[in-house]
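Trainee: Residue numbers (this note's numbering), protein chains in the order written: chain A, 1 to 98; chain B, 99 to 410; chain C, 411 to 664.
It should be emphasised that the hints constitute simulated quantities derived from the structure, not laboratory data.
All C-beta atoms, glycine included, are put in the ideal place defined by N, C-alpha and C.
Hints are supplied without guarantee of correctness; some may be wrong.
[As the list claims (entries may be wrong)] Simulated coverage check for chain A against chain B, where a stretch passes if three residues somewhere in it have a Cβ under 8 Å from a Cβ of chain B:
#1 3-11
#2 30-44
[Said to hold, decoys possible] Below, simulated EDC-like cross-link-like pairs (lysine to aspartate or glutamate); rule was C-alpha separation at most 20 Å, straight line:
#3 K663(C) / E265(B)
#4 K325(B) / E356(B)
#5 K541(C) / E51(A)
#6 K204(B) / D192(B)
#7 K529(C) / E608(C)
#8 K104(B) / D80(A)
#9 K164(B) / D483(C)
[Said to hold, decoys possible] Some but not every residue of chain A turned toward chain B, in silico, with C-beta under 8 Å:
#10 R48
#11 G52
#12 A65
#13 D67
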Amino acid sequence: MENIQDSQWPLWEVFIQSQPGTPYKHAGSVHGPDKSIAMQNARDTYFRRNEGTSIWIVPSNAIVASDPNDSDMLFDPSNDKAYRHPTFYTMPEGALNI
Amino acid sequence: MENETKLKHFESLIDADSNIEPRDWMPEDYRKHLVRQISQHAHSEVIGMQPEGNWISRAPSLRAKKILLAKIQDEGGHGLYLYSAAETLGISRDELIEQLHSGKAKYSSIFNYPALTWADIGAIGWLVDGAAIVNQVSLQRTSYGPYARAMVRICKEESFHQRQGYEIMAHMMQGTPEQQEMAQDAMNRWWWPALMMFGPHDTNSPHSGNAIKWKIKRASNDILRQKFIDKTVQQAELIGLTVPDKDLKWNEETKHYEHGEINWEEFQSVINGNGPCNKQRMENHIKAHHEGEWVRKAATAYALKQNQSVKQ
Amino acid sequence: MRLQQNEVLFLYTLRLADDALILGHRLGEWCSKAPILEEDLALTNIALDMIGRAEAILRYAAEVEGKGHTEDDLAYKRPERKFYNHLLVEQENGDFAHTIARQLFISTFEYHLYTALLKSSDENIAGIAAKAIKEIKYHKKHASDWCIRLGDGTEESKERMQTALNDLWMYTGELFEMDDINEWLHEGGIAADLRKLEGPWKTDIVDVLAQAKLTVPSSGYMQTGSRKGIHTEKLGYILAEMQYLQRAYPTAKW
Numbered sequence: 001m002e003n004i005q006d007s008q009w010p011l012w013e014v015f016i017q018s019q020p021g022t023p024y025k026h027a028g029s030v031h032g033p034d035k036s037i038a039m040q041n042a043r044d045t046y047f048r049r050n051e052g053t054s055i056w057i058v059p060s061n062a063i064v065a066s067d068p069n070d071s072d073m074l075f076d077p078s079n080d081k082a083y084r085h086p087t088f089y090t091m092p093e094g095a096l097n098i
Numbered sequence: 099m100e101n102e103t104k105l106k107h108f109e110s111l112i113d114a115d116s117n118i119e120p121r122d123w124m125p126e127d128y129r130k131h132l133v134r135q136i137s138q139h140a141h142s143e144v145i146g147m148q149p150e151g152n153w154i155s156r157a158p159s160l161r162a163k164k165i166l167l168a169k170i171q172d173e174g175g176h177g178l179y180l181y182s183a184a185e186t187l188g189i190s191r192d193e194l195i196e197q198l199h200s201g202k203a204k205y206s207s208i209f210n211y212p213a214l215t216w217a218d219i220g221a222i223g224w225l226v227d228g229a230a231i232v233n234q235v236s237l238q239r240t241s242y243g244p245y246a247r248a249m250v251r252i253c254k255e256e257s258f259h260q261r262q263g264y265e266i267m268a269h270m271m272q273g274t275p276e277q278q279e280m281a282q283d284a285m286n287r288w289w290w291p292a293l294m295m296f297g298p299h300d301t302n303s304p305h306s307g308n309a310i311k312w313k314i315k316r317a318s319n320d321i322l323r324q325k326f327i328d329k330t331v332q333q334a335e336l337i338g339l340t341v342p343d344k345d346l347k348w349n350e351e352t353k354h355y356e357h358g359e360i361n362w363e364e365f366q367s368v369i370n371g372n373g374p375c376n377k378q379r380m381e382n383h384i385k386a387h388h389e390g391e392w393v394r395k396a397a398t399a400y401a402l403k404q405n406q407s408v409k410q
Numbered sequence: 411m412r413l414q415q416n417e418v419l420f421l422y423t424l425r426l427a428d429d430a431l432i433l434g435h436r437l438g439e440w441c442s443k444a445p446i447l448e449e450d451l452a453l454t455n456i457a458l459d460m461i462g463r464a465e466a467i468l469r470y471a472a473e474v475e476g477k478g479h480t481e482d483d484l485a486y487k488r489p490e491r492k493f494y495n496h497l498l499v500e501q502e503n504g505d506f507a508h509t510i511a512r513q514l515f516i517s518t519f520e521y522h523l524y525t526a527l528l529k530s531s532d533e534n535i536a537g538i539a540a541k542a543i544k545e546i547k548y549h550k551k552h553a554s555d556w557c558i559r560l561g562d563g564t565e566e567s568k569e570r571m572q573t574a575l576n577d578l579w580m581y582t583g584e585l586f587e588m589d590d591i592n593e594w595l596h597e598g599g600i601a602a603d604l605r606k607l608e609g610p611w612k613t614d615i616v617d618v619l620a621q622a623k624l625t626v627p628s629s630g631y632m633q634t635g636s637r638k639g640i641h642t643e644k645l646g647y648i649l650a651e652m653q654y655l656q657r658a659y660p661t662a663k664w
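Given these sequences and hints, build the entire structure.
Mentor: This is the structure in structure tokens:
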């Protein structure tokens, strides 16, 4: 235990929900040695102004991000599927509540 | 993709005012410039806590004490946001701090001036934060996504900093003759260093070229400095403070103030470590870092033990 | 000399306020000196809670006193012998372990005190307690978490944490002292019965120290004096600094 390396502790990503019912949004990151301290650090860093009602923290190295080089294969194919959107369809004149 | 193609793609993103994100390809110089600029910015926030922190224990009212504590805490938070932004470029905070301590990384020269009286707290908020905000507002549109996002959050939070400083100055200028004298003295000492915060004239600015081209910086040093002067002179006059520049005059044609020559010798001297407080600021930071080592290690050791006992 | 009802209440509110004010001052001294940036924010956050609480209680104290003073007059113009904070909170920050020990002892005490004050028959005090108790829960968790990490961290941290607990232990007895003021106000349903808080306080401390694998200091001689405004030498320096501007420029407003 005595040859512990000094460090600024692992990095955590912080997501905050501004009010119940809304999606969690990435706020930034903090350093913390463990969950409990990292949670307190997230609170003291990102909640100084009543910014929200709930926090998620995730170890940064647990986040899997898509590779920008794959962007064409991942995202472009959904470009031409207009039939997934309601505006694609023509409704008979006068139809209500649809 | 060949580097050539990658560079073209990168430049097309920049030209289209899109943002570069951490996993996107970027030229090595772009990355290097960002690390230098963001870390300098982060270190400035953190070292900047010292001159003001110097007055927390002596703040003259409970209201003033709360405001000052909250403001300095914000600076720490902003340093933290910026370190995080720099970390997305693949450099750790340990390395960033190491670079600060070794002198490889710089911080804003303004924080090497001493905060001598309570009026300095007013002057720092009004002039130093005021100058910083002009720069930061422009950086909200910087091309690197994490940096831009940090800037947006910082600008939102810093809007009270300048106002609280100006409030202190305005209040003192309505106070006793001693308070007025204190306020003018602070103005005299902080005005020129605040102008220096924007860096050398555009003609002498070594890093500006690519930074502007790649939209890391969105406006030149001189343009930002001019913006600051133009809005601050009126604020000074309104509360009866004299700007300590005998050459300052309004140019009706350009609709800008013209100012006297900045003492660049002093600027270089402070940058090179000879300001009144360079040594003290760095020593404080290094001392706190060393004194905290056993605490950081203890927390790491505890976390390791917990993880091991979970696994067993 | 028999004190009037409002004089008694005034002195009691000063005790509550001065703990917050002096501890807030001490925590503010950590600014730029914490072991890591995140902890700098945490300690100043607690300092802010403390100054805010001091302000609210002193405002009420000034009202009870009825002499036209403001909360700032009470903070900045009272001399040493008229301050009533516990000796514990004026002790120096020391290393991080000493600050955590101080925080652990005082925030655990405040947790039980302010829980009791939620039911104070004085609605101003009950109102202040309702706001304070939320902050105190967080302060208590912060101190407990850190005490456990330092106690069960490295050999060095364990030793430092144990030393800090031992050093500050002699200032904890005073927290539960009842004098006439406490008795009278307790009878009137305004103040808490401190004797009843000592048991739960001790239970909490023993529990945290067990998790931290630390030893509960043996109960020896306990320091006392703050109920009468008799302090350690440290308070004078705190006030000299805190009150400097107000005293150097008595006619100025800030």
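Trainee: Each of the hints needs a verdict: does it hold here or not?
Mentor: Here is how each hint holds up against the structure:
no., hint, result
1, 3-11, "holds (count 7)"
2, 30-44, "holds (count 5)"
3, K663(C) / E265(B), "13 Å, holds"
4, K325(B) / E356(B), "11 Å, holds"
5, K541(C) / E51(A), "19 Å, holds"
6, K204(B) / D192(B), "16 Å, holds"
7, K529(C) / E608(C), "18 Å, holds"
8, K104(B) / D80(A), "26 Å, violated"
9, K164(B) / D483(C), "16 Å, holds"
10, R48, "7 Å, holds"
11, G52, "13 Å, violated"
12, A65, "6 Å, holds"
13, D67, "7 Å, holds"
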